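Those sequence lines, one after another, are chains L and Y. Read left to right, the first sequence gives residues 7 to 109 (my numbering). Read left to right, the second sequence gives residues 39 to 436 (my numbering).
Hints are computed from structural coordinates only; laboratory data are not their basis. Wrong hints could be hidden among the right ones.
Calculated cross-link-like contacts (lysine-lysine; reagent style DSS-like; alpha-carbon spacing at most 30 angstroms) [what the hints assert, rightly or not]:
{"hint": "1", "chain 1": "L", "residue 1": "K85", "chain 2": "L", "residue 2": "K106"}
{"hint": "2", "chain 1": "Y", "residue 1": "K264", "chain 2": "L", "residue 2": "K16"}
{"hint": "3", "chain 1": "Y", "residue 1": "K389", "chain 2": "Y", "residue 2": "K407"}
{"hint": "4", "chain 1": "L", "residue 1": "K20", "chain 2": "Y", "residue 2": "K389"}
{"hint": "5", "chain 1": "L", "residue 1": "K38", "chain 2": "L", "residue 2": "K20"}
{"hint": "6", "chain 1": "L", "residue 1": "K29", "chain 2": "Y", "residue 2": "K264"}
{"hint": "7", "chain 1": "Y", "residue 1": "K346", "chain 2": "L", "residue 2": "K21"}
{"hint": "8", "chain 1": "L", "residue 1": "K85", "chain 2": "Y", "residue 2": "K230"}
{"hint": "9", "chain 1": "L", "residue 1": "K85", "chain 2": "L", "residue 2": "K21"}
{"hint": "10", "chain 1": "Y", "residue 1": "K264", "chain 2": "L", "residue 2": "K36"}
{"hint": "11", "chain 1": "Y", "residue 1": "K346", "chain 2": "L", "residue 2": "K20"}
{"hint": "12", "chain 1": "L", "residue 1": "K75", "chain 2": "L", "residue 2": "K38"}
{"hint": "13", "chain 1": "Y", "residue 1": "K44", "chain 2": "Y", "residue 2": "K230"}
{"hint": "14", "chain 1": "L", "residue 1": "K38", "chain 2": "Y", "residue 2": "K264"}
{"hint": "15", "chain 1": "L", "residue 1": "K21", "chain 2": "L", "residue 2": "K36"}
{"hint": "16", "chain 1": "L", "residue 1": "K20", "chain 2": "L", "residue 2": "K36"}
{"hint": "17", "chain 1": "L", "residue 1": "K21", "chain 2": "Y", "residue 2": "K264"}
Here the structure is a predicted model, which means the values were calculated and not measured.
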Amino acid sequence: MTWDITEIQKWDWKKHPFGGTIKDPGNSRKFKTGGWRAFRPVRDENKCTQCLICYVFCPDSAIKTKDDKIIEIDYSFCKGCGICAQECPLDAIRMCDETKEQS
Amino acid sequence: MNSLIKTAALVGTDAVAEAMRQINPDVVAAYPITPQTAIVETFSQMVADGLVKTQMIAVESEHSAMSATIGAASSGIRAMTCTSSQGLALMWELLYIASGLRLPIVMPNVNRSLSAPINIHCDHGDSMGARDSGWIQLFSENAQEAYDNTIQAIRIAEHPDIQLPVMVLMDGFIISHSIDRLDLQDDTSVQKFIGSRNPAYSLLDSQNPTSVGTFDSLYGYFFEFKRQQEEGMINALNVIQEVGNEFGTLFGRSYGLFETVGMEDAEYAVIATGSAAGTIRMEVEHLRSSGVPIGMIKLRSFRPFPAKQLAELLSGLKAVAVFDRSDTFAGHMGGPIFIELRSSLYDLEKKPLTINYVYGLGGRDLSEKLVKKAAGELMETAQNGFVRQTVNYLGLRE
Numbered sequence: 007m008t009w010d011i012t013e014i015q016k017w018d019w020k021k022h023p024f025g026g027t028i029k030d031p032g033n034s035r036k037f038k039t040g041g042w043r044a045f046r047p048v049r050d051e052n053k054c055t056q057c058l059i060c061y062v063f064c065p066d067s068a069i070k071t072k073d074d075k076i077i078e079i080d081y082s083f084c085k086g087c088g089i090c091a092q093e094c095p096l097d098a099i100r101m102c103d104e105t106k107e108q109s
Numbered sequence: 039m040n041s042l043i044k045t046a047a048l049v050g051t052d053a054v055a056e057a058m059r060q061i062n063p064d065v066v067a068a069y070p071i072t073p074q075t076a077i078v079e080t081f082s083q084m085v086a087d088g089l090v091k092t093q094m095i096a097v098e099s100e101h102s103a104m105s106a107t108i109g110a111a112s113s114g115i116r117a118m119t120c121t122s123s124q125g126l127a128l129m130w131e132l133l134y135i136a137s138g139l140r141l142p143i144v145m146p147n148v149n150r151s152l153s154a155p156i157n158i159h160c161d162h163g164d165s166m167g168a169r170d171s172g173w174i175q176l177f178s179e180n181a182q183e184a185y186d187n188t189i190q191a192i193r194i195a196e197h198p199d200i201q202l203p204v205m206v207l208m209d210g211f212i213i214s215h216s217i218d219r220l221d222l223q224d225d226t227s228v229q230k231f232i233g234s235r236n237p238a239y240s241l242l243d244s245q246n247p248t249s250v251g252t253f254d255s256l257y258g259y260f261f262e263f264k265r266q267q268e269e270g271m272i273n274a275l276n277v278i279q280e281v282g283n284e285f286g287t288l289f290g291r292s293y294g295l296f297e298t299v300g301m302e303d304a305e306y307a308v309i310a311t312g313s314a315a316g317t318i319r320m321e322v323e324h325l326r327s328s329g330v331p332i333g334m335i336k337l338r339s340f341r342p343f344p345a346k347q348l349a350e351l352l353s354g355l356k357a358v359a360v361f362d363r364s365d366t367f368a369g370h371m372g373g374p375i376f377i378e379l380r381s382s383l384y385d386l387e388k389k390p391l392t393i394n395y396v397y398g399l400g401g402r403d404l405s406e407k408l409v410k411k412a413a414g415e416l417m418e419t420a421q422n423g424f425v426r427q428t429v430n431y432l433g434l435r436e
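So here's chain Y without its partners, still in its complex pose (with noise of 0.2 angstroms):
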């Protein structure tokens, strides 16, 4: 199939409203908040102008934007939502409803930092929160990627093998609010890639009745229904990767659970997720040139997280930094990717050095200066065999 592609400046809010008005949804229900906002309300303007048949609901909060899109795609229906930190926070309990009730909701959430201080600004502690809610999680690098995994989310959620609701993450303000330059497939092309929603059940078909939100605890079947939940999960894992592979031949833009940069001569390797990957990215490319042995991969797929694959292709090397947007506060363990991928080295004969690099809460830039700092002590680390400090913030003010 040949797609025409339409090239545009666009700041990455309108680059995931212009994917929503493409998927043109049954229902969006939202509720504004900083700095998703710019999604919505250019969203809204897509209905008012009749480019879209969605029936947009304007709701009271976030708790009620997620209730009624919870309750529109029950019936079967595409729905979306679109949020951010306190937003998603408000969410909380009918995140863990969406899961449960196996909707395939996509709901793009423009990462910010959680309350208190008050910040507006980027990191992954709103999102990363709710990485046990049983949500799906892919996170973009860039307006591109925010536009690409937006269409692709819709394929993912609503597999036979998966019916789970994907959050796509993108940064605040450093992908939300900059214009990036993009490519656009035409309407026919992002239709025909997303098909229509083929419900297992609906509660708006009176031919065939059924209850949905039902009470367990009787007999007890809850640790059964969780158990399928994870089998979605699981099957994600492959499913992420088709559909992935689907749109790269498509649109001539592949995607997997990761990227990589020079991981097959690499030595040591830095692991980093969103925007930040650009500037690791750049430095990382910087030194191999120079012929240092330094490999990168960009994690795409949070949720859920590729363990296995991680683990074979760092067996053997000889020092990890990963970077994470977001603290755990679990008493210096580090942040949550940190900590994920320490675990899926354990088995590992051949384990390397880690190092984690907590960095840029509340929106603290990113340099490259900061990146050529990490990537010294990584090389650092890989020459004397071990690692001086496991937790480091980079960028604090110390």
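Extracted from the complex, chain L is given alone in its bound form (with noise of 0.2 angstroms):
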């Protein structure tokens, strides 16, 4: 039986596996980290040139892409850490504050 957590912020106590071990592995998808963010990544597509230095640097595997290309910034896991930010040549992603600007 595999373990699904999506439900697990409605979880009583009695349903968690005890001593908090984790019986299936592979389930880190479901455990959206992306409220840690104090700031937002914002990628300015006409300034990109779709180098994909921001895709390496990304300690959370949070730019995705398809056929090469970036297509979105993931914010279910980007925590905001910027190192996207400062290593673009182009600076064509931006950090915006997430309590004040939305984009």
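Dock the two chains into a complex; use the hints.
This is the structure:
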């Protein structure tokens, strides 16, 4: 039986496997960690040349690509570390304050 | 089942080492500390002689001893360690990890006072400090009970409804280094009694990989895990009794959460634990033979604390004297057993008067004379209907 944690936030204390043991591997995809973020990276598509340096440097694999092109930044996992903005040679990524700017 | 019994004369540490030989744990990681050293020393010899299949890990501290034991137990095998006093103190942060990860580790702790001043003799200050660490704590009166408790602790710790570590407590030197007559069961019966460990999860099960020791802070389920841990402790109240009964049926020595003397008609009672129970029982039986309505409760399980069971037994009594071999330094609140017992009695309609005797710190002897003095004061309290002094230091030079 696989251990579906999709609804984990609604579980009562009896449902959790004891000791905090995670009994099925690979469920970190369902464990959204984007809530840590204080600054949000926003990519300027006009400036971006698709060099993919941000993709290489992102420690959380939050730069999503398809056919070698960036399609989006996955805010469910991006923790706002700002490495992508720091490394972008064209300053095409801007870090926005989560509480003030929405884009 | 007919269990073969061998009567032996052993010091407490050798009795525990003998229990460990019969348990044959997969891993023992330990570091020497007086007065526990002799357990691991004897057991190491057993390992060297090939009497057990245990992998012995000689570590560089008690912090490492408990860490290695936790790692070993996480892999689903039986892991044990032993300690005393400062060694237990050095294990501190790991004690909470062992219970939090729900690992059924069994650890004999030979009770010794904590520094300063440095003292190697018995009091219960070391294990009492770990009373909120989530470990089950079972006290022993003599070498026989230390041996019996070590064997039963395996069953209690590994019970599916519990999955918590167990500390087997015995008084330093008084039990650990005194030669006692005791009955040892045969290896096959002990092995049959403890069975094999059947872990819910195992780090070494490559077919069912798990993560142990995970981080929990983002959504925060820590509270839920801690509530589960308390449930294990609540379940232990029944399981300790069940395992003690089964042990009695098989081996002729039954155990429960506590033992009583004369409580059926007692008007006042004494509560004690550890080796002092022997001296106190002798005095209680002597008084009862001359018609004094005194009873005695020897507390075996301090964690879980059998609050409800004790309150039922003490309801309607005139007075209770609690003996504590440690102090809480809370500003004249008395010892830990006293504080918890008083709390247990609070909801009773007919509450007994309560007196506390803190005794034997740093190995100060509890003589028959001191027990007589306390028993006299208990009788006086019951007759007068009031407590002259709640917290008393018995045997203190004053």
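Handout entry: Violated hints - listed by number, lowest first
Key = 4 and 8
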